[in-house]
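Peer 1: Chains F and G are the protein sequences, given in the same order. Note that the working numbering numbers the first sequence so that position 5 is 0, with each residue one more than the last. Note that the working numbering numbers the second sequence so that position 57 is 49, with each residue one more than the last.
For the record, the hints were derived by calculation from the structure and aren't laboratory data. These numbers were taken from a predicted model, which means no experiment stands behind them. We put the CB at the ideal spot given by N, CA and C, even for glycine. Treat each hint with caution, since some may be false.
Now the in silico label distances, taken between C-beta atoms and shown as ranges [stated by the list, open to error]: (1) G:GLU131 to F:GLN375: 45 to 55 Å; (2) G:ARG8 to F:GLN266: 56 to 66 Å; (3) G:GLU153 to F:ARG304: 33 to 43 Å; (4) G:ALA165 to F:ILE228: 50 to 60 Å; (5) F:ASP358 to G:ARG8: 43 to 53 Å; (6) F:ASP358 to G:GLU131: 27 to 37 Å; (7) G:ARG85 to F:LEU357: 54 to 64 Å.
Derived, one-sided and incomplete: chain G residues facing chain F with beta-carbon distance under 10 Å [claimed, not checked]: (8) PRO42; (9) SER46; (10) LEU49; (11) GLY52; (12) LEU53; (13) GLY58; (14) ASP66; (15) CYS142; (16) ARG145.
Given next are the chains, with one letter for each unit.
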Amino acid sequence: MGLKIDLQPMVGMEGGLIRFGSEHALKLDSGAQLHGLEIAYRTYGELNADKSNAVLICHALTLDQHVASVHPVTGKPGWWSQFVGPGRPLDPARHFIICSNVVGGCMGTSGPSSIDPRTGQVFGLTFPMITIADMVRAQAMLVEALGIETLFAVVGGSMGGMQVLQWAADYPDRLFSAVCIGAAARHSAQNIAFHEVGRQAIMADPEWRGGDYTREGVRPEKGLAVARMAAHITYLSEAALQRKFGREMQRDGLSWGFDADFQVESYLRHQGASFVDRFDANSYLYITRAMDYFDLAAAHGGVLAEAFRRARDVRFCVLSFTSDWLYPTAESRAIVRALNAAGCRASFVEIETDKGHDAFLLDEPVMKAALNGFIEAAAQSRGLV
Amino acid sequence: MTTTREDFLEILRLVRPGSRVLDIGCGEGALLEMLAREKNVDGRGLEISPDGVSACLARGLAVVQGDADRDLADYPTRAFDYAILSQTLQTVREPRRVLSELLRIAERAVVSLPNFGYWRVRLGLLATGRMPMTGSLAEPWWSTPNIHLCTLRDFTALCDELEVRIEDSAALADGRKARRMDPARGIENWRAEHAIFLLSRPGAATAAARPIGDLFA
């Protein structure tokens, strides 16, 4: 369809940075437009001749496009290496795997830390408000620019799962199958409440400077770290925290002060401190807001099934975790109920684990078996085997 | 499962090609797969065990983890042509409600169950004074999943009470061909080890309009 784009391959990497001309502004739900959209993405494997093997992975809140390769900032392995790689459910030998940094992110895609092409200044809070649907719209532009009409699968956990649902609602004829893991079709009051704690922590940091910290040469690291600490607790189950730390101390005896006496405190402090090295505070504000605004049913007359009405030919796999209290199984069941009501091909498994929400990032054998079975069977139907 | 269960063959015989089928308690999906292959049905499953669901996923089947007692309410009315409950009714907490749900979700229900009125069962209880264990009721009372066993007469009485029409029925026994029967006859309550029923709601216009064919011929 002749999108005018500018591809900047990153040296030694598959993928790169795609820049859309100003005639291809991203139309946002808020009514605003984002000009000069840039999307940073990674790919693994090769697109086959009939372009039928493309898989889009949608990442969660603080993750990025480095799904199965070493992270350029932290040096850690890709966040979903358990599931993406040779012999894994998503295999570069068979699939062309794409993962892009979401709009509003801070790993190369346009976000509040990017330069506003109109002013030459960092956006900061002048960056427009974004939604999950806006993220998906940008992904659809990327997928189209890569010459792919129909994705074999769209896969994601947590916020990635929300994007998967949005894909099914907005582009049902551009995907063959959809995998939604540990997600929800809307943010609950509790979800919004936790996010608000995080945002307030960031905005209460004097170094936030009304969002203008970059220009002033500072960073609200303390606020962002506290936001991460609070959020991190919601990613784990009580049982997992107890098993990992219990009341274990950092050293013998109490400090009789406010040092990190307990190992769990030290762990959280470390989580917070290392997070600020790889994440931007304003991005955290924008993306958590996008998640809070997410309510797929609301955009369809309050009836979730209506969102999936056009997705009857899509194969859905919905997975949840018994100990996930952030997006509990009831949320996934509500999705499945709506898929059934819409007459979609839905499968659902609740995975028994005590690892909480973060289980979607871990090597859970039951989850791997379910995902593998689903992808294999879908690949057969798609004629990929 | 090495051999195809006789009730599966019966179900396969009676389901209309290309119909929409919900298999409740679909296990590892053997019946659904057979129905998709042989009858080109648009099949869905409901299965309680995650391992069963995973096995179904690997077969390319659309199966939801859930339980008949709780999750049938999630399905819209008349979403299916057939709801199949194979050897499961006697394991649910509320068989009466489940039976009603089947005929809300689907135009017809196919239900198979062991007959507690079967002569070996009666004789076993009479002779030993202990809970009968037969080929189809193989587990001791303390580990059996069968918490709501009934006789053929019990079942037909429940159908009468719920105003459910028994369109057809057959007696089943391991390793033998299905035998069409009239479940109202007292002798069948002695003879049938298992029974399979095709049920519908009387007055359902669509049910009357469509030919049933030779279901248990």
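Peer 1: Would you mind marking each hint as holding or not holding in the structure?
Peer 2: Right, here's what the structure says about each hint:
The given range of 45 to 55 Å is broken by GLU131 (chain G) and GLN375 (chain F), whose C-beta atoms sit roughly 37 Å from each other. Checked against the hint of 56 to 66 Å, the C-beta distance between ARG8 (chain G) and GLN266 (chain F) comes to roughly 58 Å, which is consistent with it. Restraint check, GLU153 (chain G) to ARG304 (chain F): a C-beta distance of roughly 38 Å satisfies the suggested window 33 to 43 Å. Take ALA165 (chain G) and ILE228 (chain F): their Cβ atoms lie about 59 Å apart, and the range 50 to 60 Å holds.
At about 44 Å, the beta-carbon gap between ASP358 (chain F) and ARG8 (chain G) stays in the expected band of 43 to 53 Å. At about 36 Å, the beta-carbon gap between ASP358 (chain F) and GLU131 (chain G) stays in the expected band of 27 to 37 Å. Restraint check, ARG85 (chain G) to LEU357 (chain F): a C-beta distance of roughly 34 Å breaks the suggested window 54 to 64 Å. Hint status for PRO42 (chain G) relative to chain F: holds, with the closest Cβ pair at about 5 Å, below 10 Å.
Hint status for SER46 (chain G): holds, given a least beta-carbon distance of 5 Å to chain F, under 10 Å. Hint status for LEU49 (chain G): holds, given a least beta-carbon distance of 4 Å to chain F, under 10 Å. For GLY52 (chain G), the suggested interface contact is upheld, since its CB lies about 3 Å from the closest CB of chain F, less than 10 Å. About 8 Å separates the beta-carbon of LEU53 (chain G) from the nearest beta-carbon of chain F, less than 10 Å, and the hint is met.
Evaluation of the GLY58 (chain G) hint against chain F yields a held restraint, the C-beta minimum of about 7 Å falling below 10 Å. Given hint, ASP66 (chain G) at the interface with chain F, holds; its Cβ is 4 Å from that chain's nearest Cβ, closer than 10 Å. Because the closest C-beta pair between CYS142 (chain G) and chain F is about 29 Å apart, greater than 10 Å, the hint is violated. Annotation: ARG145 (chain G) was flagged as interfacial toward chain F, and the flag is violated, the nearest CB pair being 35 Å apart, outside 10 Å.
When held up to the earlier numbered hints, the structure conflicts with 1, 7, 15 and 16 and fits the remainder.
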